[in-house]
Amino acid sequence: MDWSALFLSLRLAGWTVVILLPVSILMGRFLAHNRFRGKGVLEALIILPLVLPPTVLGFYLLVAFGRSSPIGQIWQDIFGQQLVFSFQGLVVASVIFNLPFAIQPAQRGFEGVAPEVREAAACCGLSPLRSLWKVELPLAWPGLMTAMVLTFAHTLGEFGIVLMVGGAIPGETKTIAISIYDSVQGFDDRGAAMMSAVLVAISLFAIAVTYALSARVGRRLS
Amino acid sequence: MALNVMAKAAGPIALDVAFQVAPGELLALVGHSGSGKTTVLRTIAGLWRPDVARVSVDGETWLDTAAGLCVAPHRRRVGIVFQNYALFPHMTAAQNVMAAMDRQNRQEAARILDLVNLHGLEDRKPAQLSGGQQQRVAVARALARRPQALLLDEPFSAVDGATREKLYAEIIALRAHLAMPVVLVTHDMNEAQMLADRMAVMAQGSLVHDGTTAEVMGNPDALHALGIREAGAMLLARVAEHLPDGLSRLETTSGSLFLPMVAAAPGVQVRVRIMAHDVILSRDAPVGLSAQNILAARITRMVAGTGPGVMVHLAVGEGEILARITRRAADQMGLQTGQHVHAILKSMSVARDHVAQTRTGA
Numbered sequence: 007m008d009w010s011a012l013f014l015s016l017r018l019a020g021w022t023v024v025i026l027l028p029v030s031i032l033m034g035r036f037l038a039h040n041r042f043r044g045k046g047v048l049e050a051l052i053i054l055p056l057v058l059p060p061t062v063l064g065f066y067l068l069v070a071f072g073r074s075s076p077i078g079q080i081w082q083d084i085f086g087q088q089l090v091f092s093f094q095g096l097v098v099a100s101v102i103f104n105l106p107f108a109i110q111p112a113q114r115g116f117e118g119v120a121p122e123v124r125e126a127a128a129c130c131g132l133s134p135l136r137s138l139w140k141v142e143l144p145l146a147w148p149g150l151m152t153a154m155v156l157t158f159a160h161t162l163g164e165f166g167i168v169l170m171v172g173g174a175i176p177g178e179t180k181t182i183a184i185s186i187y188d189s190v191q192g193f194d195d196r197g198a199a200m201m202s203a204v205l206v207a208i209s210l211f212a213i214a215v216t217y218a219l220s221a222r223v224g225r226r227l228s
Numbered sequence: 002m003a004l005n006v007m008a009k010a011a012g013p014i015a016l017d018v019a020f021q022v023a024p025g026e027l028l029a030l031v032g033h034s035g036s037g038k039t040t041v042l043r044t045i046a047g048l049w050r051p052d053v054a055r056v057s058v059d060g061e062t063w064l065d066t067a068a069g070l071c072v073a074p075h076r077r078r079v080g081i082v083f084q085n086y087a088l089f090p091h092m093t094a095a096q097n098v099m100a101a102m103d104r105q106n107r108q109e110a111a112r113i114l115d116l117v118n119l120h121g122l123e124d125r126k127p128a129q130l131s132g133g134q135q136q137r138v139a140v141a142r143a144l145a146r147r148p149q150a151l152l153l154d155e156p157f158s159a160v161d162g163a164t165r166e167k168l169y170a171e172i173i174a175l176r177a178h179l180a181m182p183v184v185l186v187t188h189d190m191n192e193a194q195m196l197a198d199r200m201a202v203m204a205q206g207s208l209v210h211d212g213t214t215a216e217v218m219g220n221p222d223a224l225h226a227l228g229i230r231e232a233g234a235m236l237l238a239r240v241a242e243h244l245p246d247g248l249s250r251l252e253t254t255s256g257s258l259f260l261p262m263v264a265a266a267p268g269v270q271v272r273v274r275i276m277a278h279d280v281i282l283s284r285d286a287p288v289g290l291s292a293q294n295i296l297a298a299r300i301t302r303m304v305a306g307t308g309p310g311v312m313v314h315l316a317v318g319e320g321e322i323l324a325r326i327t328r329r330a331a332d333q334m335g336l337q338t339g340q341h342v343h344a345i346l347k348s349m350s351v352a353r354d355h356v357a358q359t360r361t362g363a
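One line per chain: the protein sequences are F and S, in this order. Residues are numbered in the working numbering as their position in the first sequence, beginning at 1, plus a constant of 6. Residues are numbered in the working numbering as their position in the second sequence, beginning at 1, plus a constant of 1.
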């Protein structure tokens, strides 16, 4: 059982959620409430990581983050270390491949808030920010919760992209999914079985929490 | 100070309106669906911006496209009751009301909820309230904003008939507390006639007629946009007694009126809507008729429409009623302005919701 890999995965998933929560609120709300030219293209781009083979996405991220790329260069200049094969690089990649899991449910959540309810909030004197806090977030909350739970669980399990962008540096980029693969390769079936069981337990717990929360919200509103 | 509205737009929603509503006055914006009534209301609230528009209230300008001025909806002191109420589903009735207050005050919320007869239901969520109760919460929330203008968008369309009558009575009673201009959007002419002081008729985005309720309802031109069958007059009457046979006797300045049981105590003043096409005229005092109501009347005006009908305006006591008869009948009877006739009205032709209490003092 590779505990350091588990904690690394949990840390990665935690950071991904922290970064994607505000992103999903802003993007989800924007996409839910606005119609504009190119909205379909933007939505398709957000969905793209869902259909691309992880190794393909990982390859492009590797190229984009590499030392010879502008992004990699800038990162190197600012932080004095390279973006690829580092925990930070893993977080950036994780944020990108989780975009569909975070934004889609959030967008559905905000779409569920009736337009006239938002108008009523404005006519009650609530500023856009207060309307978001007092009316929209409490109503769109199940969608946001689903988004974050999916993001968290999905990050724990991602393999291809993590391997491409991060390599498998113990304590830095070797996540639990990679550790399971390594265990199997090294004929450590017991370790692989244990870590797999832990992942199953975490996933089940995450799904149970989402269902319980949305059921509670459903009762609250009906 | 009054509410002044002017709006012009070419499309996608064509508009051409200009009107004023005095403080405490209730203007009904009437017309068929799609005539632009709701768009006018949304313009006042700041939820829609026509090409050219000016909205001011209390001397404060909310919208002036010429000057490039547009106050955001949440900065306008406007109370609005939406057609489907748009209550906040995750808040209780009291929280919904408090959401519209500048400083949340539970006691004040309870007071306003009392005002709309929702005492004891403060902690219910909208889903636990009936349609009529939800409408009352929406009214309470609109009032909690302390609005400079109160806007009602088809507020009675989502409740059943019996509840609607009750809500009419409540709105009429509530008006004693309302000092601001009120705009009611409705396609229901009865509702408009029962509640409004003035009516503005809209058709295809334009204001085609604006006048007092009685004036509009008797004017064939104004009614053109609404359907001439909506023509009718308002007669003031006082409930005299409820009879054991299920009728109520009402006292008017020109005699008694027998109507199906009226939901108001003896002594209460009511407005009775008498549809023009329900009134029969007779030159001689009729005998042997089943109709219970025969009022002595004098013809004050006869207005021929474009069709086969003629609108006869009749003075009955101090009130006026309308009779819409065929031109052929008017010719055969030799009816003329100034003549004394008998106006006949079947008791059963007056629907229950065509009788409403008048507001105190009106």
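It should be emphasised that the hints constitute simulated quantities derived from the structure, not laboratory data. One thing to keep in mind: the hints can contain errors.
Unchecked claim - Here are a few chain S residues that face chain F, going by a calculated C-beta distance under 10 angstroms:
| hint | residue |
| --- | --- |
| 1 | Ile14 |
| 2 | Tyr86 |
| 3 | Ala87 |
| 4 | Pro90 |
| 5 | Ile295 |
| 6 | Arg299 |
| 7 | Ile300 |
| 8 | Arg302 |
| 9 | Ala305 |
Claimed, not checked - Here are some of the chain F residues that sit facing chain S, going by a computed Cβ distance under 10 angstroms:
| hint | residue |
| --- | --- |
| 10 | Pro76 |
| 11 | Glu125 |
| 12 | Ala127 |
The beta carbon of each residue, even a glycine, is placed where N, CA and C say it ideally should be.
Problem - Hints violated by the structure (numbers, ascending) - result: Result: hints 1, 5, 6, 7, 8, 9 and 10 break, sorted rising.
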